[in-house]
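A.B. asks: Below are the chains, spelled out letter by letter.
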Amino acid sequence: AQKVTQAQTEISVVEKEDVTLDCVYETRDTTYYLFWYKQPPSGELVFLIRRNSFDEQNEISGRYSWNFQKSTSSFNFTITASQVVDSAVYFCAIARGGAQKLVFGQGTRLTINP
Amino acid sequence: NAGVTQTPKFQVLKTGQSMTLQCAQDMNHNSMYWYRQDPGMGLRLIYYSASEGTTDKGEVPNGYNVSRLNKREFSLRLESAAPSQTSVYFCASSEWGGPNEKLFFGSGTQLSVL
Chain A
1 AQKVTQAQTE ISVVEKEDVT LDCVYETRDT TYYLFWYKQP PSGELVFLIR
51 RNSFDEQNEI SGRYSWNFQK STSSFNFTIT ASQVVDSAVY FCAIARGGAQ
101 KLVFGQGTRL TINP
Chain B
1 NAGVTQTPKF QVLKTGQSMT LQCAQDMNHN SMYWYRQDPG MGLRLIYYSA
51 SEGTTDKGEV PNGYNVSRLN KREFSLRLES AAPSQTSVYF CASSEWGGPN
101 EKLFFGSGTQ LSVL
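Each protein sequence line maps, in turn, to chains A and B. Note that the working numbering numbers the first sequence so that position 60 is 60, with each residue one more than the last. Note that the working numbering numbers the second sequence so that position 71 is 71, with each residue one more than the last.
Just so you know, these hints were derived from the structure itself, not from any lab. Remember, it's a predicted structure, so these values are computed and weren't measured experimentally. There's no promise every hint is true.
Simulated restraints on C-beta separations [claimed, not checked]:
#1 A:26 with B:16: 36 to 44 Å
#2 A:17 with B:96: 37 to 45 Å
#3 A:15 with B:19: 38 to 46 Å
#4 A:74 with B:73: 37 to 45 Å
#5 B:100 with A:83: 42 to 50 Å
#6 B:61 with A:41: 23 to 31 Å
#7 A:58 with B:16: 46 to 54 Å
#8 B:57 with A:42: 24 to 32 Å
#9 A:31 with B:114: 38 to 46 Å
#10 B:19 with A:71: 46 to 54 Å
#11 A:29 with B:38: 23 to 31 Å
#12 B:73 with A:60: 38 to 46 Å
#13 B:100 with A:3: 13 to 21 Å
Glycine included, each C-beta is placed from N, C-alpha and C at the ideal position.
Could you put the whole structure together from the sequences, leaning on the hints where they help?
C.D. replies: See below:
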């Protein structure tokens, strides 16, 4: 069975600090997909990024970056120069090849204080 | 730009009552999903519909039924509500149901069962 662990339940930082959200996954599949979703206070989950198991290249999108390491089964998310608008709950998730059945982590509540 | 629309947004039920949560998407997506979100547990898949006319159980289907009314609409029914079904319910859709696809979520229904 697949599993995603986000050990950080809550993180609180001051604006402009860098912050890393950890995600560790478990799977026996060789083909799988990893995702990050953002849930702002409005409640609706928004897709941020996906990665397939054959692509370990890190990705940067503006202030957001993702570090995928198969050796440690981790897919961490870093926000550089955090802003108040980054305050949200962030979910890491995994889907196995062949079916879109996401397994979510518990989520990390990120609060950016002005 | 409605995307995925869920109704109602809030609902309070007494134990044993029944109700149906409605979901509609206007993106011409083939696959639709129902998740529940509980504190500390992330989102868990209740049921999904890979395409019109098909439905299948997810991780936590007990106590629920679903109907894929047409390509646009996917409803979730609680026949006899229990306090354990107090949760936030999210409907989602994806284009084809592939494991690498991103999901589009509705804004959620907060359900309390007393």
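A.B. asks: With reference to the structure, classify each hint as holding or not holding.
C.D. replies: Cross-check of the supplied hints:
no., hint, result
1, A:26 with B:16: 36 to 44 Å, "holds, 39 Å"
2, A:17 with B:96: 37 to 45 Å, "holds, 40 Å"
3, A:15 with B:19: 38 to 46 Å, "holds, 42 Å"
4, A:74 with B:73: 37 to 45 Å, "holds, 39 Å"
5, B:100 with A:83: 42 to 50 Å, "violated, 30 Å"
6, B:61 with A:41: 23 to 31 Å, "holds, 30 Å"
7, A:58 with B:16: 46 to 54 Å, "holds, 52 Å"
8, B:57 with A:42: 24 to 32 Å, "holds, 30 Å"
9, A:31 with B:114: 38 to 46 Å, "holds, 45 Å"
10, B:19 with A:71: 46 to 54 Å, "holds, 48 Å"
11, A:29 with B:38: 23 to 31 Å, "holds, 26 Å"
12, B:73 with A:60: 38 to 46 Å, "holds, 39 Å"
13, B:100 with A:3: 13 to 21 Å, "holds, 19 Å"
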